[in-house]
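> The primary structure of each chain is shown beneath.
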Amino acid sequence: DTEVTQTPKHLVMGMTNKKSLKCEQHMGHRAMYWYKQKAKKPPELMFVYSYEKLSINESVPSRFSPECPNSSLLNLHLHALQPEDSALYLCASSQSPGELFFGEGSRLTVL
Amino acid sequence: QKEVEQNSGPLSVPEGAIASLNCTYSDRGSQSFFWYRQYSGKSPELIMFIYSNGDKEDGRFTAQLNKASQYVSLLIRDSQPSDSATYLCAVLYSTLTFGKGTMLLVSP
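Order-wise, the sequence lines are chains B and L.
For the first sequence, the residue numbers in this note's numbering are 77 to 187.
For the second sequence, the residue numbers in this note's numbering are 1241 to 1348.
Keep in mind that the hints were calculated from the coordinates and are not lab data.
Worth double-checking, as some hints may not be accurate.
[What the hints assert, rightly or not] Not everything, but these chain L residues come out facing chain B in the computed CB check (under 7 Å):
(1) Leu1328
(2) Phe1338
(3) Leu1345
Just so we're clear, the structure is a prediction, and the values are computed from it rather than from any experiment.
The C-beta atom is built at its ideal place from N, Cα and C for all residues, glycine as well.
If we strip away everything but chain B, and leave its shape as in the complex, we get (with noise of 0.2 Å):
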């Protein structure tokens, strides 16, 4: 099983919601990452899991919260957004760095 999953593959909330993103890998990676891209820009990290620890947060609004469940799992939970912070949120593992395995995004509209 070479894939990481993410659901739900769109996701539109209000600016009052709780939501949350979800990421799954079996692939026996140590690394997990949050990546935010807006139209026609590079991947932005947003935080970086090694070994199941937070190990970078890139100076990410507290209405973005991480969790590493375990080391497969990958969450972000998500309130209070603004709409600005519609995008595609990309989960990412890697077991060497920089050699990252996305998944297929979740597609966030924040209305």
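Following the hints, put chain L in place on chain B, whose structure we already have.
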């Protein structure tokens, strides 16, 4: 600020031609370099990585690295319309830094 620069394109080549995609980076200490392909509406996919000066070939793809010039390139031989995508150069500093990507259009 550690930077990765790419020409945004589009780079247009006819089917069967060689497409040459270029990337420069700012930090001489960088050791690891990657090329990702991203089709429109899809997520990025790693297609090549290179760690040493010189060329690395994989099928129709060749990655070239020149650390003295801080330059990485990707050559795609016998380009196909299915190669039409945005190609992201990425450099590993403390984290992976992506360039803005070059859009490649291969016309039949």
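> Hint numbers the structure violates, sorted upward?
3
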